[in-house]
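Enquirer: Protein chains in written order, with this note's numbering: chain A, 4 to 183; chain B, 1104 to 1397; chain C, -5 to 727.
Note that these hints are calculated values from the structure, not bench results. For every residue, glycine included, the Cβ atom is placed at its ideal position computed from N, Cα and C.
Once the Cα atoms are required to be at most 25 angstroms apart in a straight line, the calculated DSS-like pairs of lysine-lysine come out as: (1) 619(C) - 106(A); (2) 354(C) - 219(C); (3) 724(C) - 48(A); (4) 222(C) - 44(A); (5) 54(A) - 665(C); (6) 219(C) - 54(A); (7) 215(C) - 181(A); (8) 42(A) - 619(C); (9) 113(A) - 690(C); (10) 54(A) - 646(C); (11) 58(C) - 91(A); (12) 305(C) - 54(A); (13) 113(A) - 58(C); (14) 181(A) - 222(C); (15) 181(A) - 217(C); (16) 305(C) - 295(C); (17) 54(A) - 217(C); (18) 222(C) - 48(A); (19) 619(C) - 113(A).
Here are the computed distance ranges between Cβ atoms for each label pair: (20) 627(C) - 1319(B): 22 to 28 angstroms; (21) 169(A) - 498(C): 53 to 59 angstroms; (22) 498(C) - 31(A): 27 to 33 angstroms.
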Amino acid sequence: MPRFGIAIDATKCIGCHSCRVACQNQNGLEFTETFNWIKDKERGKYPSYDKEYVPLQCNHCGNAPCERVCPTGATYTTPEGVVLVNKKTCVGCKYCMEACPYKMRIILHKAGIVVKCRLCIEMVREGGTPACVTTCPTQVRIFGDLDDPNSEISRFIAESGAEPLRKDLGTLPHIYYKRS
Amino acid sequence: MPESAWGWLIVVYLFLAGSGSGAFLAAVYCDLLAPDWSKSLARAGSLVSGPLVTIGTICLVLDLEAGLWEPWRQIYLAKNLSSMIAWGVIILSGFIPVALLYAAALNEITFVGKIARKYIRIIEYVGSALAVATATYTGVLIAVVNGVPFWNTPVMPVLFLASAISTGLAAAMIVAAIIDASTIKTLSNFALGHVIFLAIEALVLMLLVFMSLTRSTEAAISANMLISGVLSPYFWVLVVLLGILIPFILSIVEYYEYGEMPKSLVIGSDLLVLMGGMSLRALIIFSASPPQII
Amino acid sequence: MKKFGMTRRKFLAGAAVGSASLVASSYMSFDAWAATDTVAEDVKVTPTLCDACGNWCAINVYTKGGRIWKATGNPIAGLNKGKVCVKGHAMLHDVYNKDRIKTPLKRVGANRFEPITWEQAYREIGSKLKDIIARDGVQSVFLVQYPEGNEDLTNRFMNALGSNNVFSHASTCFLPRNIGWWLTTGAPKPEQDLENSRHVVFIGRNPAAGLQLRMLVDMAKAKDKGAKYVVVDPRFSEMAAIGHQWIQIKPGTDLALLLALANVMIKENIYQKDFIEKYSVGFDEWASKIDYYTPKWASEKTTIPEKVIVKLAHDMAEAAPSSIIHRGYHGAMGTQYKNSLQLVRAAGCINGLLGSYNQKGGMFNAPKVKLGKLAPEKYPGVPELDMPMSDGSGDPDKYPITPVGLGITQAIPELALAGKLKAGFVYHNNPLRTCPNPARMIEGYRKLDLLVSFDYVLSETASLAHYILPESYYLERDDVVHTNHCYTSKQVAIRQAVIKPLYDTKPMVQILTELAPHCGVGEYFGFTLEEYNRAALAPLNISLEKMKKEGVIDLGGEWKPGEPKFSTPSGKLEIASSILQDLNLPAVPVWEEPLVSPNSKDPYEFRLIHGKQAHLTHARSINQKYLKEITTLNDIARVWIHPERAKALGIKDGECMTISSSVGKGRARAKVTEGIHRDCVFLPSGYGVFAKNLEKAFGFGTSYNDFLPTYFDPVLGHVMANEIIVRVEKTQS
Ligand code: SF4
Ligand code: SF4
Ligand code: SF4
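Next comes chain A alone, as it looks inside the complex (with noise of 0.2 angstroms):
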């Protein structure tokens, strides 16, 4: 079983958003409702002022506070580590979005019940790439298997370094983020 994850090069991320409204799309969700955010991040003074762009969506955590405190069961982990939200047994207490340190987790008030990124699932277990990986223009993410050491991910893992976000955490993310 592989266990999926996204590497994220922040370092090629031009904020232009394609990511969001492509998931937008691909989950059919409104347009205040997405799984994913792009945030910037300023430093410096010129000559050496910078500015990076850094997309966020769920991390699909191996060790998912949202899962723990989820009274229902219905956020639960796939065997390819990837945490799902059960459409018919959330009740909306939003309890995992207060427990999502990453704040990864909206509710879809219409339906009643909390959503987020959910590595396009589906298509990924049918040998697709998930949406937002495949519309970046500048190929900022690569989607794969974390526990194949050569694949592309692994692979991009361990020559660039590239960590989770707040590994301090402890929630064990899959996604991987180079940083400038």
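Knowing the structure of chain A, use the given hints to seat chains B and C with the ligands on it.
Expert: The following block gives chains B and C with the ligands in isolation, referenced to the frame of chain A:
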């Protein structure tokens, strides 16, 4: 990135569940220790406890979304025992009937009350355990949340328990003063309870805030919001001054004046405690600040 | 894990089965999140071309249960290489936008319209047009368009009438860029082999927001291989975010930097001598003038430290010939400054010093496809017109090198006010919002006796039109065969309807063929779109059916590095331009001051510069809710200002500023950032819609055009859009 998912309904829930269980404890304490002529506080406490917790729980349910309009989903609510909400559901479903039964027993309401009267001690012991569990649980509920470093500390349940007891006591005293005017003297004895628990609350709150200032950047952001930031006027006025300091002083006066303090001041001081407890929970919820992730 | 190995290309090849239905038996299990997903829905895939901006990327559009769902990029398409940008995804939704025009409309009052039939519209337009032509002559009729795709047919319509007054957005966008490259290399839009470039300098060009997807795909790959990107811009653009070095420059002085770079390369003998000797003319003349433009001189003009300039010249020379200055677009090398033309010329010449023409990682000319034409025996061709346009384009005495067919679009209101233009057609363009000085634009367009728009929403311009003949949305229509995807190889592509028109709208080609007889030029339009397209494809031996099935077809003919070729008068890279010489203009690139400069002593005075954001296209995209949400969520419509300048004016981040120029006044909130030169404020473009019927967009933000006086560059006539001095103050509440 949604900043905060919980709002007023959860605040009210935390407050009512806390003060409801506090009122239960006050009632049991009075029933066990006070002289026979002075049991109106026990009666009042037992009468408010169940309803308060019930209303609180209704707030919690109202805050659900899919679980509200498709109520059958609620059967899943206790499925995952690593979730504090699941434990909350279990504790509350034990505590609410016991609290209601206690009210019936102590006040001999209906034949159920009369039968239950015989087992009053058992109800008191079991109920007290559940009340402590409920009050503590409201703190643990948010203390386990890694998503908000400010909440994520073992001090939180202690604070919530202390606040639950003082607000519960206040609720019981107000009702007691209303149902029985002659009870003011008893209440003066119980003012000592306020003095003690308000003091504990103040100490724990201080501990929480000061520890937060150094614990992590995000906890410090929350703490600063309270002591010097946007929420500081509410914090200093509603929680510290009106919610703790003034009732603390009034309670000391009340205790020494022994039954001489005007009823309106007694009730007023208790109302302030309630308001303070509610504000405290609101401010803790609304000062949540997530980890800085980039 | 075998399944996972299936390539995306194979998947798409399998998926792109034209409009043939493909029922998705998507993987479904209890954990699938949407209950509705468990019902296998009818998913169809149609290859077509996007129309969210002018690139026309090749996309595969998915419908689910007959409703537009999503799009993926066609991996073979030269322009987008499998990608779809944010606008491409978002504009899919706008087929369902309630602001759309649903039937032909006739204006019956200020911003009041009444639905009419196509027949009535054609009849009334035809008879009015004939009257105007009889009274004022056919040159009083004009067309303003976005010249792409259907332009062959719209031009045919105008030429059939006898008018060559065909305007485009060129003079507000790219005119100097095209003319500069054409004068220097003979090709108005040379390509660059970014995938193999080792060092690229961007002069006010921001391909990360003025998106062209293939450039980004190539650059991302090259970056992984070690290519270096240097971004010269007054502000830290999105391109700078992925570049290696940001050189902050005083706006309007890029030409000085380029002259100094040439100075260093020539003085230090680090240019490609072989190339210059063999393939260029005018080097000695330039070299004799270049002495003056020392790095020290340029440093004073540009505010860039001398050693940064020298080092840049060294870095560029070292990576030659896979080292280029990017060819530019709308930025400094577009229509922004009075010296833009000289700037483009200088860039072309420096790329010569780097010897990068037709080299791996250098500049090249994309292979071209020659499409077939309708048989003239059956369908008479239109008469050739050989005369200047009414605005002076092509007129030896006015704008001799501004091409007829591009025109100077901000001249239209002036010409209308002077009584020279009486009737206009507006296609795929919104001059009222995209041209300078809207008050003047409105005044001029109001003066017209007949204005016909083909818009699909009531844009600013459409709101003034007498008649609107609504074109179908791009997802609802077929268009002509298209060759824009030629990049490193020859490609043809086609747009086709993904769904049936939702309302009473028609494809442009059909509107033209139906309108033509009423205007007296029916004989030139006796064909259908299908016949037109079949004739276009005939020489390529491709059937229309195959074309539609595949969306994009690659015809090979790949570009290979080799001997450079220039189609200039001399057949060489013209460092000294014979054409400019004949016009008594400087033959080699020399310094020219910008038109205006802010007074550096006045704390309130700034130059107003603008630029694109990746998620917005010109004037219409901000009406799209998914796109507008990106702006509001990230609060990115703010105007950038340097912290020290802001402080001097008492302006804090997020506070409201009042900005005024000689022609306009507006408000914007401040983004106080180190990422901008202190001499200017930066206004992101795409906002300031004043068309009341565009509900989402109306009244949101402001546009640089609101502050820009109507200028005409003396050589080309373009707008000089960054030559604006504004006064910035804290808004007093
Ligand atoms: S990022 Fe948040 S939502 Fe995603 S798995 Fe981790 S805790 Fe859960
Ligand atoms: S993996 Fe899929 S669901 Fe997650 S952010 Fe990317 S597109 Fe959205
Ligand atoms: S599509 Fe790619 S470049 Fe654009 S915002 Fe997303 S990650 Fe960044």
